[in-house]
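Asker: Sequence:
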Amino acid sequence: MTKTLTSAVRIALAISAVSLAAFGANVQAAAAAKPVTATVNSALQWGPCPPIFPAGCQIAVLNGDPAKPNADVFLRVPGGYTIPPHSHTSPERIVLVEGQLTVRYQGSPAEDLTPGEYAYGPASLPHVATCKGDKPCTLFIAFEGPVDAIEFTGSLK
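Going by numbering that gives the first Met the number 0, the sequence shown opens with residue 0, and the numbers climb by one from there.
In case anyone wonders, no lab produced these hints; they're calculated from the structure. Errors might be hidden in some of the hints.
The following label-pair restraints were derived from C-beta to C-beta distances [as the list claims (entries may be wrong)]:
| # | residue 1 | residue 2 | range |
| --- | --- | --- | --- |
| 1 | 101 | 143 | 22 to 30 Å |
| 2 | 154 | 40 | 18 to 26 Å |
| 3 | 40 | 152 | 35 to 43 Å |
The C-beta atom is built at its ideal place from N, Cα and C for all residues, glycine as well.
Produce the entire structure from the sequences given, and follow the hints as far as they go.
Answerer: Spelled out as structure tokens, the structure:
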């Protein structure tokens, strides 16, 4: 019985040691993370959107690596611009920062967003958006997975 108890204690200690090491790594990663602040008018590095979007669409990475999970971006389009039907492999959380945007997700009616309003798009759900008026639209988008845009050629009904 002592031998069995000793084996159980050794296993428990090994599991505890692994758990503590993982906890320590998470604490170190959290300590290494840097706070981020940015505004639309700050010195962000804007680049082109994925090639499925027409010219005029720009994206700026705010935090994270777009090739990895949990990246945050600003997406900016000129007034009158239509973001063509597309989907993402990741859910997206959107807050309209400036402009007026009409967004329509497949199977849902179009919604008009004004600055400060939020929209959620489930993964793989096709959608389209139009920036209304003359002013540009800037969206804050948080992705759970890597940032991508997949062209959609079907109906949004």
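Asker: Hint by hint, which ones does this structure get wrong, listed from lowest number up?
Answerer: Violated hint (a single one): 2; every other hint is consistent with the structure.
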